[in-house]
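Asks: Okay, here's what each chain looks like letter by letter:
Number of protein chains: 2
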Amino acid sequence: MNQQLELLLKATLDAWYSHVSRTDHLLSSLTDEQLQQEVAPGRNTGIYLLGHLTAVHDRLLPLLGFESQLYPHLDAFITSPDKAIKDIPPAADLRLHWKEVNDKLAKHFSGLTPDGWFQKHTAVSDEDFIKEPHRNRLSVLISRTHHLSYHLGQLIFLKK
Amino acid sequence: MNQQLELLLKATLDAWYSHVSRTDHLLSSLTDEQLQQEVAPGRNTGIYLLGHLTAVHDRLLPLLGFESQLYPHLDAFITSPDKAIKDIPPAADLRLHWKEVNDKLAKHFSGLTPDGWFQKHTAVSDEDFIKEPHRNRLSVLISRTHHLSYHLGQLIFLKK
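Sequences listed follow chains A and B, in order. If you're matching positions, the first sequence starts at 1 in my numbering and goes up one per residue. If you're matching positions, the second sequence starts at 1001 in my numbering and goes up one per residue.
Calculated directly from the structure, the hints in this document are not laboratory data. We treat Cβ as the ideally placed atom computed from N, Cα and C, and that holds for glycine. It is possible that some hints are incorrect.
[Stated by the list, open to error] So the derived label-pair ranges between C-beta atoms look like this:
| hint | chain 1 | residue 1 | chain 2 | residue 2 | range |
| --- | --- | --- | --- | --- | --- |
| 1 | B | Lys1160 | A | Glu67 | 37 to 45 Å |
| 2 | B | His1108 | A | Glu67 | 42 to 50 Å |
| 3 | A | Gly65 | B | Leu1070 | 42 to 50 Å |
| 4 | A | Asp75 | B | Glu1132 | 37 to 45 Å |
| 5 | A | Asp75 | B | Ser1018 | 20 to 28 Å |
| 6 | A | Glu67 | B | Ser1028 | 40 to 48 Å |
| 7 | B | His1025 | A | Lys10 | 29 to 37 Å |
| 8 | B | Thr1079 | A | Asp75 | 40 to 48 Å |
| 9 | A | His25 | B | Thr1079 | 22 to 30 Å |
| 10 | A | Asp128 | B | Ser1018 | 14 to 22 Å |
| 11 | B | Glu1127 | A | Thr122 | 40 to 48 Å |
| 12 | A | Thr122 | B | Glu1038 | 37 to 45 Å |
[As the list claims (entries may be wrong)] Pairs of lysine-lysine, PhoX-like flavour, derived with a Cα cap of 25 Å:
| hint | chain 1 | residue 1 | chain 2 | residue 2 |
| --- | --- | --- | --- | --- |
| 13 | B | Lys1010 | B | Lys1099 |
| 14 | A | Lys99 | A | Lys159 |
| 15 | B | Lys1131 | A | Lys10 |
| 16 | A | Lys120 | A | Lys10 |
| 17 | A | Lys159 | B | Lys1159 |
| 18 | A | Lys120 | A | Lys107 |
| 19 | B | Lys1159 | A | Lys83 |
| 20 | A | Lys160 | A | Lys99 |
| 21 | B | Lys1010 | B | Lys1104 |
| 22 | A | Lys83 | A | Lys160 |
| 23 | B | Lys1160 | B | Lys1083 |
| 24 | A | Lys131 | B | Lys1010 |
| 25 | A | Lys10 | A | Lys104 |
| 26 | A | Lys120 | B | Lys1010 |
| 27 | B | Lys1083 | B | Lys1159 |
| 28 | A | Lys159 | B | Lys1083 |
| 29 | B | Lys1099 | B | Lys1086 |
| 30 | A | Lys99 | A | Lys10 |
| 31 | A | Lys107 | A | Lys10 |
| 32 | B | Lys1160 | A | Lys159 |
| 33 | B | Lys1159 | A | Lys160 |
| 34 | A | Lys10 | B | Lys1010 |
| 35 | B | Lys1083 | A | Lys160 |
| 36 | B | Lys1010 | B | Lys1107 |
| 37 | B | Lys1099 | B | Lys1160 |
| 38 | A | Lys83 | A | Lys159 |
| 39 | A | Lys99 | A | Lys86 |
| 40 | B | Lys1160 | A | Lys83 |
Isolated chain A (complex conformation) (with noise of 0.2 Å):
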């Protein structure tokens, strides 16, 4: 493979585990009060942003085609408010699906190839794919970075 989209491929790909471990090491830092709070005055709290991460992650596993999601039940998290769900998981739940999700994301990135991930991911039709090839796995991987980024600077709030 070309010597500069290894490189550019392996940065990418660093980006998504350095974010998730840092995630990570954030989480374990905070007891599940603390998630229980509001990041900010009105704004979701700990535990509703670690659910809303925890779902847009297990989604990635049919949007990337690897396999169903494994956690249907946290959709809410993506289609609800916060204070709109009515049964959160407790936090030991949410805190182990995370992790679960991630691994399994984890194994499967492990096994794709660099085609593989300039392969489609599967909300775009062969059609479309061929005028769009930028609808790519990779550019999901990329968004979905930005988007834990983003949440990761809300939850550092949680921290004394």
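Given chain A, put chain B in place with the hints provided.
Replies: Same frame as chain A, but now just chain B:
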């Protein structure tokens, strides 16, 4: 150029431009008074984050080997925490500098060849770069895009 490399390079640059644009959009929706507020109780003010982001982007000019930084006096927004800065420039000045710095970067970016993106940044020596070719301009850009995304997630709290 390899089509995959071209796609990934474009996706990486697009992420930068889209985050700068999202930040512009947010800033234009905030009044100077709103920028004076803390994004969350006891946290950085909007004006500090604007100064911080402007300074970090300004320093990309020398770091990426383009030219000297435009506003060295803004370095205080990197080296000092919010409340330690004595002379915070007016919001109007910072808004202008933010725009100028990003426009200047965009001008340099547009003149860079794909190979140019894979050249070393100026904080790495020639010898180290041989062993560590990932320390190129692109890796800096990726890191700064995430940095912007992280703080954008905080600045959004200034919106009512």
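Asks: Each hint should be assessed against the structure and marked as holding or not.
Replies: Against the structure, the hints:
1. A hinted range of 37 to 45 Å for the beta carbons of Lys1160 (chain B) and Glu67 (chain A) is consistent with their spacing of about 42 Å.
2. For the pair His1108 (chain B) and Glu67 (chain A), the beta carbons lie near 43 Å from each other, so the given range of 42 to 50 Å is met.
3. Taking 42 to 50 Å as the suggested C-beta distance range, the pair Gly65 (chain A) and Leu1070 (chain B) conforms, at roughly 45 Å.
4. Taking 37 to 45 Å as the suggested C-beta distance range, the pair Asp75 (chain A) and Glu1132 (chain B) conforms, at roughly 42 Å.
5. The hint said 20 to 28 Å for the Cβ distance between Asp75 (chain A) and Ser1018 (chain B), and at roughly 26 Å that hint holds.
6. At about 42 Å, the beta-carbon gap between Glu67 (chain A) and Ser1028 (chain B) stays in the expected band of 40 to 48 Å.
7. Roughly 32 Å separates the CB atoms of His1025 (chain B) and Lys10 (chain A), a value that falls within the hinted 29 to 37 Å.
8. Range check, Thr1079 (chain B) to Asp75 (chain A): Cβ separation about 44 Å, and the 40 to 48 Å hint holds.
9. Taking 22 to 30 Å as the suggested C-beta distance range, the pair His25 (chain A) and Thr1079 (chain B) conforms, at roughly 25 Å.
10. A C-beta distance of roughly 20 Å is found between Asp128 (chain A) and Ser1018 (chain B), which places it inside the suggested range of 14 to 22 Å.
11. Our hint of 40 to 48 Å for Glu1127 (chain B) and Thr122 (chain A) holds, since their Cβ atoms are close to 45 Å apart.
12. A hinted range of 37 to 45 Å for the beta carbons of Thr122 (chain A) and Glu1038 (chain B) is consistent with their spacing of about 42 Å.
13. For a cut-off of 25 Å, the pair hint linking Lys1010 (chain B) to Lys1099 (chain B) stands: about 22 Å separates their Cα positions.
14. The hinted pair formed by Lys99 (chain A) and Lys159 (chain A) meets the criterion: a straight-line CA distance of about 20 Å does not exceed 25 Å.
15. At most 25 Å may separate the alpha-carbon atoms for a hinted pair to count; Lys1131 (chain B) and Lys10 (chain A) meet this at roughly 16 Å.
16. Only pairs whose Cα atoms come within 25 Å are accepted, and Lys120 (chain A) paired with Lys10 (chain A) is accepted, the gap being roughly 19 Å.
17. Annotation: proposed proximity of Lys159 (chain A) to Lys1159 (chain B) holds, straight-line Cα distance about 22 Å (limit 25 Å).
18. A threshold of 25 Å between alpha carbons decides the hint, and for Lys120 (chain A) with Lys107 (chain A) the separation of about 19 Å falls inside it, so the pair holds.
19. Among the hinted pairs, Lys1159 (chain B) with Lys83 (chain A) is consistent with the structure: their alpha-carbon atoms are about 19 Å apart, no more than 25 Å.
20. Only pairs whose Cα atoms come within 25 Å are accepted, and Lys160 (chain A) paired with Lys99 (chain A) is accepted, the gap being roughly 24 Å.
21. Proposed proximity of Lys1010 (chain B) and Lys1104 (chain B) is supported: the alpha carbons are some 19 Å apart, at most 25 Å.
22. Only pairs whose Cα atoms come within 25 Å are accepted, and Lys83 (chain A) paired with Lys160 (chain A) is accepted, the gap being roughly 23 Å.
23. A distance of roughly 23 Å separates the Cα atoms of Lys1160 (chain B) and Lys1083 (chain B); the hinted pair therefore holds under the 25 Å criterion.
24. A C-alpha spacing of about 16 Å is found between Lys131 (chain A) and Lys1010 (chain B), which places the hinted pair at or below 25 Å, so the restraint holds.
25. With a CA separation close to 19 Å, the supplied pair Lys10 (chain A) and Lys104 (chain A) stays within the 25 Å bound.
26. Between the alpha carbons of Lys120 (chain A) and Lys1010 (chain B) the distance comes to roughly 16 Å, so the proposed pair stays at or under 25 Å and holds.
27. Restraint check for Lys1083 (chain B) and Lys1159 (chain B): satisfied, since their Cα atoms lie roughly 22 Å apart, inside the 25 Å limit.
28. Under the criterion of a C-alpha separation no larger than 25 Å, the hint pairing Lys159 (chain A) with Lys1083 (chain B) is consistent with the structure, at around 19 Å.
29. About 23 Å separates the Cα atoms of Lys1099 (chain B) and Lys1086 (chain B), which keeps this hinted pair within 25 Å; it holds.
30. Distance check on the hinted pair: Lys99 (chain A) and Lys10 (chain A) sit about 22 Å apart at the alpha-carbon level, within 25 Å; holds.
31. With a C-alpha separation of about 16 Å, the suggested pairing of Lys107 (chain A) with Lys10 (chain A) holds against the 25 Å cut-off.
32. With a C-alpha separation of about 23 Å, the suggested pairing of Lys1160 (chain B) with Lys159 (chain A) holds against the 25 Å cut-off.
33. Restraint check: the Cα-Cα separation between Lys1159 (chain B) and Lys160 (chain A) comes to about 23 Å, which is no more than 25 Å; the hinted pair holds.
34. Taking the CA atoms of Lys10 (chain A) and Lys1010 (chain B), the gap is near 16 Å; set against the 25 Å cutoff, the hint holds.
35. Taking the CA atoms of Lys1083 (chain B) and Lys160 (chain A), the gap is near 17 Å; set against the 25 Å cutoff, the hint holds.
36. The hinted pair formed by Lys1010 (chain B) and Lys1107 (chain B) meets the criterion: a straight-line CA distance of about 16 Å does not exceed 25 Å.
37. At roughly 24 Å between alpha-carbon atoms, Lys1099 (chain B) and Lys1160 (chain B) fall within 25 Å of each other, so this suggested pair holds.
38. For the proposed pair Lys83 (chain A) and Lys159 (chain A), the alpha carbon gap of about 22 Å is at most 25 Å, so the pair holds.
39. Restraint check for Lys99 (chain A) and Lys86 (chain A): satisfied, since their Cα atoms lie roughly 23 Å apart, inside the 25 Å limit.
40. Distance check on the hinted pair: Lys1160 (chain B) and Lys83 (chain A) sit about 17 Å apart at the alpha-carbon level, within 25 Å; holds.
Checked against the numbered hints above, the structure violates none of them.
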